[in-house]
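Protein sequence lines, in the order shown, are assigned to chains A, B, C and D.
Using our numbering, the first residue of the first sequence is number 126, and each one after it goes up by one.
Using our numbering, the first residue of the second sequence is number 126, and each one after it goes up by one.
Using our numbering, the first residue of the third sequence is number 126, and each one after it goes up by one.
Using our numbering, the first residue of the fourth sequence is number 126, and each one after it goes up by one.
Source of the hints: derived by calculation from the structure; they are not laboratory data.
Any given hint could turn out to be false.
Intra- or inter-copy, both count: the list cannot distinguish identical chains.
Straight-line Cα separation of at most 20 Å, SDA-like style, residue types lysine to any residue; simulated pairs [said to hold, decoys possible]: (1) K128 to I261; (2) K180 to K243; (3) K243 to E231; (4) K130 to E158; (5) K243 to I256; (6) K180 to I260; (7) K182 to S247; (8) K246 to I193; (9) K130 to A159; (10) K147 to P229; (11) K130 to A276; (12) K243 to I193; (13) K180 to A276; (14) K243 to E194; (15) K128 to T264; (16) K243 to R177; (17) K182 to G211; (18) K130 to G183; (19) K246 to A196; (20) K128 to P200; (21) K246 to G192; (22) K182 to D197; (23) K246 to S257; (24) K128 to I193; (25) K128 to R262; (26) K243 to G139; (27) K243 to E212; (28) K130 to K180.
Owing to the predicted nature of the structure, the values given are computational and were not obtained by experimental measurement.
Protein chains: 4
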Amino acid sequence: MQKSKAFVGVIGAGDCSEEVGKLAEEVGEKIAEAGAILVCGGLGGVMEAASRGAKRKGGITVGVLPGIEKADANPYIDYPIVTGLGEGRNLLVVRNSDVLIAFPGEFGTLSEIAFALKLGKSVVGLSTWNISDEIIRATNAQQAVDIALQAGKNPETEP
Amino acid sequence: MQKSKAFVGVIGAGDCSEEVGKLAEEVGEKIAEAGAILVCGGLGGVMEAASRGAKRKGGITVGVLPGIEKADANPYIDYPIVTGLGEGRNLLVVRNSDVLIAFPGEFGTLSEIAFALKLGKSVVGLSTWNISDEIIRATNAQQAVDIALQAGKNPETEP
Amino acid sequence: MQKSKAFVGVIGAGDCSEEVGKLAEEVGEKIAEAGAILVCGGLGGVMEAASRGAKRKGGITVGVLPGIEKADANPYIDYPIVTGLGEGRNLLVVRNSDVLIAFPGEFGTLSEIAFALKLGKSVVGLSTWNISDEIIRATNAQQAVDIALQAGKNPETEP
Amino acid sequence: MQKSKAFVGVIGAGDCSEEVGKLAEEVGEKIAEAGAILVCGGLGGVMEAASRGAKRKGGITVGVLPGIEKADANPYIDYPIVTGLGEGRNLLVVRNSDVLIAFPGEFGTLSEIAFALKLGKSVVGLSTWNISDEIIRATNAQQAVDIALQAGKNPETEP
Numbered sequence: 126m127q128k129s130k131a132f133v134g135v136i137g138a139g140d141c142s143e144e145v146g147k148l149a150e151e152v153g154e155k156i157a158e159a160g161a162i163l164v165c166g167g168l169g170g171v172m173e174a175a176s177r178g179a180k181r182k183g184g185i186t187v188g189v190l191p192g193i194e195k196a197d198a199n200p201y202i203d204y205p206i207v208t209g210l211g212e213g214r215n216l217l218v219v220r221n222s223d224v225l226i227a228f229p230g231e232f233g234t235l236s237e238i239a240f241a242l243k244l245g246k247s248v249v250g251l252s253t254w255n256i257s258d259e260i261i262r263a264t265n266a267q268q269a270v271d272i273a274l275q276a277g278k279n280p281e282t283e284p
Numbered sequence: 126m127q128k129s130k131a132f133v134g135v136i137g138a139g140d141c142s143e144e145v146g147k148l149a150e151e152v153g154e155k156i157a158e159a160g161a162i163l164v165c166g167g168l169g170g171v172m173e174a175a176s177r178g179a180k181r182k183g184g185i186t187v188g189v190l191p192g193i194e195k196a197d198a199n200p201y202i203d204y205p206i207v208t209g210l211g212e213g214r215n216l217l218v219v220r221n222s223d224v225l226i227a228f229p230g231e232f233g234t235l236s237e238i239a240f241a242l243k244l245g246k247s248v249v250g251l252s253t254w255n256i257s258d259e260i261i262r263a264t265n266a267q268q269a270v271d272i273a274l275q276a277g278k279n280p281e282t283e284p
Numbered sequence: 126m127q128k129s130k131a132f133v134g135v136i137g138a139g140d141c142s143e144e145v146g147k148l149a150e151e152v153g154e155k156i157a158e159a160g161a162i163l164v165c166g167g168l169g170g171v172m173e174a175a176s177r178g179a180k181r182k183g184g185i186t187v188g189v190l191p192g193i194e195k196a197d198a199n200p201y202i203d204y205p206i207v208t209g210l211g212e213g214r215n216l217l218v219v220r221n222s223d224v225l226i227a228f229p230g231e232f233g234t235l236s237e238i239a240f241a242l243k244l245g246k247s248v249v250g251l252s253t254w255n256i257s258d259e260i261i262r263a264t265n266a267q268q269a270v271d272i273a274l275q276a277g278k279n280p281e282t283e284p
Numbered sequence: 126m127q128k129s130k131a132f133v134g135v136i137g138a139g140d141c142s143e144e145v146g147k148l149a150e151e152v153g154e155k156i157a158e159a160g161a162i163l164v165c166g167g168l169g170g171v172m173e174a175a176s177r178g179a180k181r182k183g184g185i186t187v188g189v190l191p192g193i194e195k196a197d198a199n200p201y202i203d204y205p206i207v208t209g210l211g212e213g214r215n216l217l218v219v220r221n222s223d224v225l226i227a228f229p230g231e232f233g234t235l236s237e238i239a240f241a242l243k244l245g246k247s248v249v250g251l252s253t254w255n256i257s258d259e260i261i262r263a264t265n266a267q268q269a270v271d272i273a274l275q276a277g278k279n280p281e282t283e284p
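My request is simple: use the sequences and hints to build the entire structure.
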């Protein structure tokens, strides 16, 4: 049963620099290596880079899409979940994540951070919006994933 | 990539008779044997029976839940997708299905059949609501799944 | 405070015959004359005819729209509520109605009837889907509105 | 037709200080005096104070609620719109506002500011989250409403 695994959300811009993309890819790899499931918004930029990293290491990826077409998902999404909610899908990305890792992003990413903190979920930040001391700062991919899995740990995710 | 597989929705009552449950379980088995992914509302009755059948044959199950707790999913759901939309999740079950197999159910099932037909998706009926000639009637599990996979066939699901 | 008034939902096809439109308009008039608020999906056909009737008699109309543009509302909607939920707005039409009057319609209307009955709300039918004995049949506009206001009566709507 | 009026969103904490409440009430008054419609989340704190101010001056208030009970609305809401979307209603508050005035708030308010800026809507800030230069700063109620009505002006709201 996959549902006993941790669901780690990765949020960030749909367009990103090569540097941020490299970091997101590394985070995706670490999530997969840890045996966790990667949840994201299913589109490009940070979402695609992280998904690519996860698939390279044999991980599983879930993409929660704003539209109603599975084909909108990036090529590294195993399970495209369509919503038809537009920006409202951001809340579903958060609700489906046990914990989130936030990359640089625009206002969509900010809405996700806000919802995560509102819902009491841990957010690990990698150079993201600096809007709350509740965001746990990390400086590299391994550290971000380690913190996330520790923070998101609950009875379901215990070994 | 799982997303190239057909996503077959199974809809029906959250409480069901032993007879209906047995049929749903068989449908789940056939969906798994065909290599398709089972999508459902993630709860009990028809949803649980079909999921159990799918898992017995090594299939993959996605449960789109009305609430926000993954733990609400029945024990046979691999990927519980929480929505927090209440009955609104019925539309997401339909949107995430390429084709649907409908069992006996109450008004929730009826809303899903209505949405499916509204969105132009094929619905295969096994003793379900008799409300439209557009519902394709089947009389056993194998036939229902065969019809569904044929009806739901599209470029992504071609061999 | 308008909220102490009964909110009467009117559901039916976005395209309708002249005869159905005339009946919907009359229902809208009766809703307004009774001092209730008309709730609908905000678009054409039955929705527009009923809204036109309500406004002719000085009533108030709320249109719960599938899209995000207020301009999509028909000209007789006072309060266009945009949702961006697509067909998911059907559930919000139901949730915002204390009671519903159902006209002939397609599968969208059927989904609304299904949700209404699922949520335990009274549905008065005027030549609509004949899918349940729980739908209270009416044969003319005055009777439909009388039954609806009686059925939807609750502490908030008592004089 | 009310829909030709400007819909001004007021967002802020569900609990607020007396000082902030006084300012919100004044903003509500100014919105009503300007002939605009006040949209908010329908609950307490800033939402209730602004609604109270609007009603004192004969204005109209719309409350977009997270739950499914109209009775959850504060006493100054004319049109309670229930959604059943939980925090997802925040996006509907934004979508239904032509322009928004933001008060101090927590992460829910932040999610609304984020969505507003994402959707390209003007946000006037009164001591709110300082997260973007795109937020137009105001220092008193009259100024905030003046800026909002100017910023939210569009063909529908022109005299």
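Hint check:
Within a single copy, K128 and I261 get their C-alpha atoms no closer than 25 Å, and across copies no closer than 33 Å, so neither meets the 20 Å cut-off. In this homomeric assembly, K180 and K243 never come within 20 Å of each other (Cα to Cα): the closest approach is 31 Å inside a single copy and 30 Å across copies. Taking the closest pair of Cα atoms, K243 and E231 come within 20 Å of each other both inside a single copy (18 Å) and across two copies (8 Å). For the homomeric pair K130 and E158, the shortest alpha-carbon distance inside one copy (12 Å) is at most 20 Å, but the shortest distance between copies (25 Å) is not.
With identical chains, the CA atoms of K243 and I256 are at most 20 Å apart both within one copy (13 Å) and between copies (17 Å). Neither within a single protomer nor between protomers do K180 and I260 lie at most 20 Å apart by alpha-carbon distance, with minima of 27 Å and 39 Å respectively. Neither within a single protomer nor between protomers do K182 and S247 lie at most 20 Å apart by alpha-carbon distance, with minima of 25 Å and 37 Å respectively. In the homo-oligomer, the alpha carbons of K246 and I193 lie at most 20 Å apart only across protomers (13 Å), although the nearest pairing inside one protomer, at 27 Å, exceeds that limit.
For a Cα distance limit of 20 Å, the shortest separation of K130 from A159 inside one copy, 10 Å, qualifies, whereas the shortest one across copies, 26 Å, does not. In this assembly of identical chains, the alpha carbons of K147 and P229 lie at most 20 Å apart only when taken from the same copy (13 Å versus 37 Å across copies). For a Cα distance limit of 20 Å, the shortest separation of K130 from A276 inside one copy, 14 Å, qualifies, whereas the shortest one across copies, 34 Å, does not. Taking the shortest alpha-carbon separations for K243 and I193, only the inter-copy value of 14 Å comes in at or below 20 Å, while the best intra-copy value is 27 Å.
Proximity of K180 to A276 under the C-alpha cut-off of 20 Å is found in neither arrangement, the shortest distances being 23 Å within a copy and 31 Å between copies. Taking the closest pair of Cα atoms, K243 and E194 come within 20 Å of each other only across two copies (16 Å); inside a single copy the shortest separation is 29 Å, beyond that limit. Within a single copy, K128 and T264 get their C-alpha atoms no closer than 29 Å, and across copies no closer than 33 Å, so neither meets the 20 Å cut-off. Proximity of K243 to R177 under the C-alpha cut-off of 20 Å is found in neither arrangement, the shortest distances being 29 Å within a copy and 26 Å between copies.
Neither within a single protomer nor between protomers do K182 and G211 lie at most 20 Å apart by alpha-carbon distance, with minima of 30 Å and 36 Å respectively. In this homomeric assembly, K130 and G183 come within 20 Å of each other (Cα to Cα) both inside a single copy, at 15 Å, and across copies, at 18 Å. In this homomeric assembly, K246 and A196 come within 20 Å of each other (Cα to Cα) only across copies, at 17 Å, whereas the closest approach inside a single copy is 30 Å. Within a single copy, K128 and P200 get their C-alpha atoms only as close as 23 Å, which misses the 20 Å cut-off; across copies the closest is 9 Å, which meets it.
When the C-alpha separation of K246 and G192 is checked against a cutoff of 20 Å, the pair qualifies only between copies, where the shortest distance is 17 Å, while the shortest distance within a copy is 25 Å. Taking the closest pair of Cα atoms, K182 and D197 never come within 20 Å of each other, the shortest separation being 23 Å inside a single copy and 30 Å across copies. Taking CA atoms no more than 20 Å apart as the test, K246 paired with S257 passes inside one copy only; the shortest distance there is 13 Å, against 24 Å between copies. Taking the closest pair of Cα atoms, K128 and I193 come within 20 Å of each other only across two copies (14 Å); inside a single copy the shortest separation is 24 Å, beyond that limit.
For the identical chains of this complex, K128 and R262 are neighbours neither inside a copy (27 Å) nor across copies (34 Å), given an alpha-carbon limit of 20 Å. In this assembly of identical chains, the alpha carbons of K243 and G139 lie at most 20 Å apart only when taken from different copies (13 Å versus 23 Å within one copy). When the C-alpha separation of K243 and E212 is checked against a cutoff of 20 Å, the pair qualifies both within a copy, at 17 Å, and between copies, at 9 Å. In this homomeric assembly, K130 and K180 come within 20 Å of each other (Cα to Cα) both inside a single copy, at 16 Å, and across copies, at 17 Å.
Going down the numbered hints, you'll see the structure goes against 1, 2, 6, 7, 13, 15, 16, 17, 22 and 25, while the others check out.
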